[in-house]
Amino acid sequence: MMRFLLLFSRQGKLRLQKWFTPISEREKKKIIRDMTSMVLARQPRSCNFLHWKDLKIIYKRYASLYFCLAVDNQENELLALEVIHRYVELLDKYFGNVCELDIIFNFEKAYFILDEFLIGGEIQETSKQVVNRCIESSDMLQETMEEYMSKPAF
Amino acid sequence: MSPSIPLQEMIRAIRSARTQCEERGVIQRECAAIRAQFRQVDNGGARSHNLAKLLYVHMLGYPAHFGQMECVRMIASPRYSEKRVGYLGAMMLLDEKQDASLLITNSIKNDLAHSNQYVQSLALCTLACMGSAEMCRDLAPEIDRLLRASNSYIKKKAALCAVHIVRKVHDLGELFAPAARSLLAEKNHGVLHGAVVLITQLCERNPEALERFRKTVPDLVQIMKGLVISGYSPEHDVAGISDPFLQVRILRLLRILGRHNETASDAMNDLLAQVATNTDSTKTVGNAVLYETVLTVLDIKSESGLRVLAVNILGRFLLNNDRNIRYIAMTSLQRIVGTDHNAVQRHRGTIVDCLKDQDASVNRALELSLALVSASNIRTMMKELAQAASGIFHAAERYAPSQRWHIDTILHVLTTAGGDVRDETVPNLIQLITNTSELHCYTVHKLYRALLTDISQPSLVQVACWCIGEYGDLLLKGECQETEPSQVTEDDALDALETVLQSHMSSPATRGFALTATMKLSTRITENVDRIRSIVSIYGSCMDVELQQRAVEYNALFRKYDHMRYLTSVLYVIGSNEEAVVSISVRCSLQVCDLLDLLGGSEEPLQPSTALGLPNSTSTAGGDLLDLLGGLELTPLAPGLTHAHTHTHTHTHTHTHTHTHTHTHTHTHTHTHTLVETEREPEVKNLTKTKLQTETSSLRIK
Chain A
1434 MMRFLLLFSR
1444 QGKLRLQKWF
1454 TPISEREKKK
1464 IIRDMTSMVL
1474 ARQPRSCNFL
1484 HWKDLKIIYK
1494 RYASLYFCLA
1504 VDNQENELLA
1514 LEVIHRYVEL
1524 LDKYFGNVCE
1534 LDIIFNFEKA
1544 YFILDEFLIG
1554 GEIQETSKQV
1564 VNRCIESSDM
1574 LQETMEEYMS
1584 KPAF
Chain B
720 MSPSIPLQEM
730 IRAIRSARTQ
740 CEERGVIQRE
750 CAAIRAQFRQ
760 VDNGGARSHN
770 LAKLLYVHML
780 GYPAHFGQME
790 CVRMIASPRY
800 SEKRVGYLGA
810 MMLLDEKQDA
820 SLLITNSIKN
830 DLAHSNQYVQ
840 SLALCTLACM
850 GSAEMCRDLA
860 PEIDRLLRAS
870 NSYIKKKAAL
880 CAVHIVRKVH
890 DLGELFAPAA
900 RSLLAEKNHG
910 VLHGAVVLIT
920 QLCERNPEAL
930 ERFRKTVPDL
940 VQIMKGLVIS
950 GYSPEHDVAG
960 ISDPFLQVRI
970 LRLLRILGRH
980 NETASDAMND
990 LLAQVATNTD
1000 STKTVGNAVL
1010 YETVLTVLDI
1020 KSESGLRVLA
1030 VNILGRFLLN
1040 NDRNIRYIAM
1050 TSLQRIVGTD
1060 HNAVQRHRGT
1070 IVDCLKDQDA
1080 SVNRALELSL
1090 ALVSASNIRT
1100 MMKELAQAAS
1110 GIFHAAERYA
1120 PSQRWHIDTI
1130 LHVLTTAGGD
1140 VRDETVPNLI
1150 QLITNTSELH
1160 CYTVHKLYRA
1170 LLTDISQPSL
1180 VQVACWCIGE
1190 YGDLLLKGEC
1200 QETEPSQVTE
1210 DDALDALETV
1220 LQSHMSSPAT
1230 RGFALTATMK
1240 LSTRITENVD
1250 RIRSIVSIYG
1260 SCMDVELQQR
1270 AVEYNALFRK
1280 YDHMRYLTSV
1290 LYVIGSNEEA
1300 VVSISVRCSL
1310 QVCDLLDLLG
1320 GSEEPLQPST
1330 ALGLPNSTST
1340 AGGDLLDLLG
1350 GLELTPLAPG
1360 LTHAHTHTHT
1370 HTHTHTHTHT
1380 HTHTHTHTHT
1390 HTHTLVETER
1400 EPEVKNLTKT
1410 KLQTETSSLR
1420 IK
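Chains as they are written, first to last, in my numbering: chain A, 1434 to 1587; chain B, 720 to 1421.
A few of these clues could be false.
[Stated by the list, open to error] Once the Cα atoms are required to be at most 25 Å apart in a straight line, the calculated SDA-like pairs of lysine to any residue come out as: (1) K1446/A with K1461/A; (2) K1451/A with D818/B; (3) K1489/A with R737/B.
[To be verified] Among chain A residues calculated to face chain B with C-beta under 7 Å, some are: (4) E1460; (5) N1481; (6) S1497; (7) Y1527; (8) E1533; (9) G1553; (10) E1555; (11) Q1562.
The hints are simulated quantities; they were obtained by calculation from the structure and are not laboratory data. Ideal placement from N, C-alpha and C gives every residue a C-beta, glycine not left out.
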């Protein structure tokens, strides 16, 4: 299973954090510090896989954002790279030419998309189109409910 | 109280803050407003915005625990927008350790039965993310119900929720087993994927479940075949592979089911061969599937032809341009080099070639190469390894799995290819040895033996001399856990050092090491001090200025300040500056001695103490000062010494070239600063037109 997913900028600013196991706030902060320093210290052409404690860390840089995914030791690293790529594609489809700013200003949407793609540290839907459709429907539901709710009562 | 601003405006305000202080100010104001808003009963649609703002602030690292109750309230709200943010907040702020998490159990239960699937999905997602064991036990029957009778959108989420429940409460696995079985008949890939993950989880936890689920092997093979030979499916295609995520999970499950079981392994043989040969390996995604296939083949009871095919795939991976693929290949080959030795041997050439690569994979390549050395290929292997010497050092330094491995590796390469290594190896190796205190005995024995066999490799000789000088007592003690016992007498050790001193192959630098080592031994041995004195005095008239100066200073120590000789034992200095720093420290110690004379210190010679020649706390008048002076490592020596001492440690990491006497002192001092100070990259603003990717650069490449 996946243990956590972190998105951070080249300056080490956290843009998204998803934890799939219960961890205390202090532990989380420590892990974030460790991950950012480890990943940002990597040479540009090195391999995308790292070992950290008993986990495998797979990271990939997309423009100004680093995607850092931690998985159990028996997971397939190459597939983890594909998972990261799939998430970027989903974000791209949703935001249209997604950049870091989109994720900063619409972080809750980034989480909603992630929650349609992964659950409990596993992939829940392998089709891009299905995930996109679900996000759109949820957004639609939110808007119509808002409209409905904002109508004056009775 | 200022009115609260919309989420995006707040984010903008925070980002435009120029200092940490300003940012904190903005956030404090906002948090105060948010708290006030939370206390109000109802304020229209702004509630979800407030919580979202709080979540943003939380992500920046500020405390947000006062939002926990608000999450609970929002989750219970009938509005979808509020539920959405409420559940998000629950996943971010609540975990099973918080008391508030129990309060949402009821809301989740209600939402699981909601008429709207998106509301159900929120509840399922949250439960799978942060559900505690009690919550899981409470809600397991609900999940089971959803597994059986709902649409595929819910089923796939319920399956993964069940996975989480089984992880938390192992016994509940029994509850989900029947539903899991029937889910394999679904057509929807999301549901299938969830089912496979659930079955994998059940099998991993429970051997009985594993037995029962073996019957599903034919079904799994069927599904897999469908994926592999099916035509293009737009819904699931990734670079020509149909649903690689599902394929990999099925392969993993097959691995678990086929392990230690002939029948199951036979049933999947053909399929695995088919996947191995038909999968397109030009893109990462294809290689991911191939990789999983290889792992499965090597783990089950596959026939030999299939195993050879698998190893050949790994061999092909080694030639791949992609570093990641090479790394994967190396780790996999390493796992099987014990069992499939001959198959791996065939790829030896490629493996050794990988040694030239300066990356983490080199570490693996090295271990693998060493594992492949046998009587027949040792000559060629050593030649090939020697050529890759610097790559090895670099990688060994960065990625060594254990210190003993690191030391062994470096010694190994030094003995075979010492001439090819770079200059900084010696100080780095000395530093490494110093830091590995538990291996001092082992290291000094090994180095001594290496010195006896061959004194032609300068790096090796220098390190060996230094070691003998520093840890001579451990060498002379004889017993060492990690190597065979050998009796080394003081004469033997001195013979070795003298050979180095006298050999025409030794460079002046090497002689310097040997002379210092000889001097250091004078504090660690008991019988042959005179012999050392004579060696040292001979070099007092040596042609080499450096050596002469050193010898003269050492002689002075013998003559005038015999009891201060023990200071040489704390000349715990390393690196290419050793010669320089030794001179400084000796000079300093001589000055201190003069100072002590002035103080009227007693002339009693100190008793030789144990092991590392530390002065005992005998009470001579100079004793207290000596105590201060005679610490190893951490106790400060005379001020002049301290600087050189502590800073040299950091110094060696960055510099390779030697310094003259005068430069050493100041040079070492300045460089600690640069090491301590971290580099700060400028905050990249939106409008910067630098070559660096900015926040507005699209994430999609090409």
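Going through the hints against the structure:
A threshold of 25 Å between alpha carbons decides the hint, and for K1446/A with K1461/A the separation of about 14 Å falls inside it, so the pair holds. Under the criterion of a C-alpha separation no larger than 25 Å, the hint pairing K1451/A with D818/B is consistent with the structure, at around 21 Å. Straight-line distance between C-alpha atoms of K1489/A and R737/B comes to about 37 Å, which puts the hinted pair past the 25 Å bound. Proximity of E1460/A to chain B is violated relative to the hint, the smallest CB-CB distance being about 11 Å (cut-off 7 Å).
The beta carbon of N1481/A is positioned within 7 Å of a beta carbon in chain B (closest approach about 5 Å), and the interface hint is therefore held. For the restraint placing S1497/A at the interface with chain B, the shortest Cβ-Cβ distance is roughly 4 Å, inside the 7 Å limit, so the hint holds. Interface restraint check for Y1527/A: the shortest CB-CB distance to chain B comes to about 12 Å, outside 7 Å, so the restraint is violated. Evaluation of the E1533/A hint against chain B yields a held restraint, the C-beta minimum of about 4 Å falling below 7 Å.
The criterion of a C-beta within 7 Å of any C-beta in chain B is met by G1553/A, whose closest approach is roughly 4 Å, and the hint holds. Here the hint on E1555/A is kept, as its CB sits about 5 Å from the closest CB of chain B, short of 7 Å. The criterion of a C-beta within 7 Å of any C-beta in chain B is met by Q1562/A, whose closest approach is roughly 6 Å, and the hint holds.
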